[in-house]
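S.K.: Protein chains in written order, with the working numbering: chain A, 1 to 288; chain B, 289 to 599; chain C, 600 to 1091.
No lab work stands behind these hints, which were simulated from the structure alone.
Be careful, since some hints might not be right.
If you want the ones that stay clear, here's a sample from chain C, every Cβ over 12 Å from chain A, calculated [stated by the list, open to error]:
| hint | residue |
| --- | --- |
| 1 | Lys-698 |
| 2 | Gln-708 |
| 3 | Lys-759 |
| 4 | Gly-764 |
| 5 | His-964 |
| 6 | Glu-1016 |
Straight-line distance between alpha carbons at most 30 Å, and here's what the computed BS3-like set of lysine-lysine pairs gives [claimed, not checked]:
| hint | chain 1 | residue 1 | chain 2 | residue 2 |
| --- | --- | --- | --- | --- |
| 7 | B | Lys-326 | C | Lys-939 |
| 8 | B | Lys-318 | C | Lys-978 |
| 9 | C | Lys-960 | C | Lys-925 |
| 10 | C | Lys-759 | B | Lys-325 |
| 11 | B | Lys-334 | C | Lys-1049 |
| 12 | B | Lys-540 | C | Lys-939 |
| 13 | C | Lys-854 | C | Lys-1021 |
| 14 | C | Lys-687 | C | Lys-661 |
| 15 | C | Lys-1037 | C | Lys-979 |
| 16 | A | Lys-57 | B | Lys-500 |
| 17 | B | Lys-318 | C | Lys-759 |
| 18 | B | Lys-318 | C | Lys-1037 |
| 19 | C | Lys-1037 | C | Lys-954 |
| 20 | C | Lys-1081 | C | Lys-1071 |
| 21 | B | Lys-580 | C | Lys-1081 |
| 22 | B | Lys-318 | C | Lys-854 |
| 23 | B | Lys-325 | C | Lys-979 |
| 24 | C | Lys-939 | C | Lys-925 |
| 25 | B | Lys-459 | B | Lys-318 |
| 26 | C | Lys-979 | B | Lys-318 |
| 27 | B | Lys-326 | C | Lys-661 |
| 28 | C | Lys-925 | B | Lys-540 |
| 29 | B | Lys-325 | B | Lys-459 |
| 30 | B | Lys-318 | B | Lys-353 |
| 31 | B | Lys-459 | B | Lys-360 |
| 32 | B | Lys-348 | B | Lys-580 |
| 33 | B | Lys-325 | C | Lys-978 |
| 34 | B | Lys-540 | C | Lys-661 |
| 35 | C | Lys-978 | B | Lys-326 |
| 36 | C | Lys-661 | C | Lys-978 |
| 37 | B | Lys-326 | C | Lys-979 |
| 38 | A | Lys-280 | C | Lys-1037 |
| 39 | B | Lys-318 | C | Lys-1071 |
| 40 | A | Lys-238 | A | Lys-46 |
Where a beta carbon is used, it is the ideal one built from N, C-alpha and C, also for glycine.
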Amino acid sequence: MERLPVLKTLKCLVGGAFIRSEGGGVYPFYNHRGHFIANIPLCTRKDLRNAVEAAAKAAPGWASRSPYNRGQILYRVAEMLEARASELAEVLKLSNRSSRDALREVHASIERVIHYAGWTDKFQAILGSVNPVATQHFNFTLAEPIGVVGVLAPEERPLLALLSLVLPAITSGNTVVALASHTQPISAIVLGEILAVSDLPEGVVNLLSGRRTDLLPTFATHEQLRVVCAVANGSDRKAIEHGAADSVKRTVILNGDPACDWFADSMQGPCLIRDFVEFKTVWHPIGG
Amino acid sequence: MTTSASHRLRSLLDEVGTVDQTGIEERVQKYATRSVKKHSKVFGLKLAVSMVDLTTLEGKDTPGKVLSLCQKAVHPHEDAAIPSVAAVCVYPSMVKHARRHLSGSAVRIASVATAFPSGQTPLATRLKEVRSAVGDGADEIDMVINRGAFLAGELDLVQDEISAVREACGKATLKVILETSELETYDNIRLASFLAMRVLRAGDFIKTSTGKTSANATLANNQVMLDAIRDHYFQTGVEIAMKPAGGIRAAKQAITFLVAVKETLGDRWLNNTRYRFGASSLLNDLILQLEKERTGRYQAPYALSEASGNY
Amino acid sequence: MAQKKSPTPVRELLFGNLWEFDPSPESASPNIDPRYDLFINGKTVVPRSGKYFASTSPRNGKKLADIAEAGAADVEAAYVAASQAFPKWSRLPGAERGKYLFRIARLLQDRSREFAVAETLDGGKPIRESRDFDVPMAAAHFFYFAGWADKLDYLAAGRKAVPLGVIGQVIPWNFPLLMLAWKIAPALAGGNTVVLKPAETTSITAMKFVSILHAAGLPPGVVNIVTGASETGSAVIRHPGAAKIAFTGSTAVGKEIQRATAGTGKRLTLELGGKAANIVFEDAPIDQAVEGIVNGIFFNQGHVCCAGSRLLLQESVADAVLRRLKLRVQQLRVGDPLDKNTDLGAINSPQQLRKIQALVKCGVHEGADLYQPEVNLPKKGWYFPPTIFSNVSMSHQIAREEIFGPILSVLTFRTAEEALEKANNTRFGLSAGVWTDKGSRILKMSGALKSGVVWANTYNKFDPASPFGGYKESGFGREGGKHGLLEYLQLT
């Protein structure tokens, strides 16, 4: 007799715990053959508010870790992703992707995590500088984390694109609240599970699911989010940039149409880290 | 702060010297790598027991609580090889109850006083409290310094108040609580240590904290104060004692603090006239470890008297 | 009649035996094989000559293992393997090379304790140091350079960074596994292949490292390890297959290597000896300066090229510092390196011990004041107590010659200018220390000191991200950071 499998309840990683939406809402996810797979939390702006609080609480601790320690933790994320690579590929295939394409996205995601694991203790050497000023002063510029960052992932490449937006922020010591793809949310949920066992401190990454229309205004205007990084066009883009003005929030908007080539090398590197840092310049006299 | 006050602060700091935070924190990490085993471990654990100021400082303290405390202080465990603690530490109103239970015992009675923990009452009130506690039978007084005045640079005022309390103590031993968490920097802790020591007698104490704030004794602030005690001894020949308080719950921590004493001040400070632990739950953890050494088995906390918790 | 002034009583602390620590030996097993052969082309290979030499444990003089002696033919085979492995290895995408290095780092972390015990047994350093410093730092180097492998073009400023080819590397006995990591990690990250010769008295952790390479699946020939003494080293240096030679060791040998590679077109980096000045100003936080002085000269028994072997004390604080320094030194536990409480372990070899003894004798003979705390040295093995010479001047031999042992020479100065002159008055220029509370003075001193590394209010701090190397006869080239990685690349 065939055994009845247990259906997994999907919850969102916020503050190191897995939550349902405080509003209690969900939307059903069907695979490409129309079979019901699971209910996905419809996160509200209050969930977003709570996530920002969790990210803010985690921010000082994460920023004060040594760059080496952050690199070790990111590498562990890669280890955990690798161990569950086939599970992640199966999740992507639920949305009518071929095995080959799904695995390609999973492998590229793992490589990207490793790439950023190797930046944590190096980007300072590229982005920072000692400045040769004309007066008798030692002058240096440091790239420092900006704080709490908001991310709005695109619909396509739900794992790779999400990671590509989150990684440069946490590599440089920031904490993140991200909204996953609406049409393909499950890989983000599984990513949350993986992050929770990777020694990543709670609150450093918070992953919400739901509707962009519900949450975009709050992403744009929440004053404690100091950067919003989004794949957005047209009215979405304008809404983010306009809402950001009230708190002089930095916006990093990628054009969603045509879609980015998320596999390209240009979608990773210190130029992207630069979007998430503040440059601090310090002067000190040289003398007896 | 006034210019003369800041001048005084600056010149005292120049006189006693500064402390490098990174350097001292690295130094004390080495103490934690010391591996104290077998006989040396048993010696250290028993020494620590003999140094405990067994403390209860709660609004809800009653004579009944003090009775339990005193009994535990005199007989920490049925194993007679485990010594009594150094003292009990209670609020002034509890001193007379402790006196009843401890007459004839070598366990001393320490009373907090001077509007512990904040110190925020007029000096006259604080001195009256000290005299009253001593009159009720306190052998030792744990006072708090005036942190507000210290941070405002009024160092003479801070020192004069300590002198006044010293006088009010009469024959009782005085312990001066610096409240390290409020002084914040190691430089300030060193400064405050000297301010106090210069008006104390041999056998008086400087003490880290009240245990009533979120940050208490650490290896680093313990080290700042041990170094100050050493320097004061070199300058004057007067041996001042040390008491870290609050935050030391595990036997292993206590041993590490004692390693610091051993390597900084040496043998003459490794006894309870020169070093104390202000603690409550530490005592049972020390006994647990001693029992483990004695029987070879890990112990369950609930087997000990006055155990807290249910598991 | 004038009153005789009564002298200030000397107030002493008592550091006796009231609370003696019991022995606390580390019990983890080092898994040392009785014999180690050469590692060439991914395989364990017996030396052509069939010759082996013994590796002894400095803690008791007993033999630990037999080590293969590589002759010219073996070194030739190693270079052939490295050359053959180079094309494929260098053409691998950087990210793939990086992943091999990440694996190595993690595997080393897994077996950290085992390697630490082996390092202590083979070299004599305290287990606390090999456990808490050498092995974790070696793993950190592999981890750090793993992350550079796919990022090389960021170093090239508009050009392209490509590997050099086969690198010949010869490393010393003072930090055997760590020096191996310092050499191999950047070489591999850059796409090069390697022929490495460990020091003859400390080959064991290098040969154990071979098992890590197997577990990591590193392609054969990328790393080749040939053990032996100076003849083997000479063969590695002189082999025409090397695109570059990287050497850490004494200045005398460094000069020989520079002569031997002249005219060959080989790139060369040398990390040689030192005689660092550790300068303490009157406003330095005294106890932390004392700790830094102790770390500077007694860490690893003073077997450190960048050891703070000359203490320059500002006169006004000289007595206060010296007094506390002597007290601190009395707390150092000298003895069995396997004991977790040991601070100062064994001297690496009888030759090194004789050299130290001779120089100490010289110091006494030249009139410097000797201080040594009372210590009970173990009867077997090679040990020397921590030693402080005061009233030393720059004309004393002990102030000029690198001793490479736990011997500190103390000089004094009055002004910053004088301190600078004395500090720079040496052929060496590897490192220096500055202790002061004044920030602008730190920056002025570090600007004027002719040293590749300056430690301000700290000493003997190392990080894979921090470039390390010397001025003058302490060598040229840097290890660590992007500067270190560039030494293994050419820009086209």
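S.K.: Does the structure break any of the earlier hints, and which numbers would those be?
M.R.: 1, 2, 6, 10, 11, 14, 15, 17, 19, 21, 22, 25, 29, 30, 32, 34, 39
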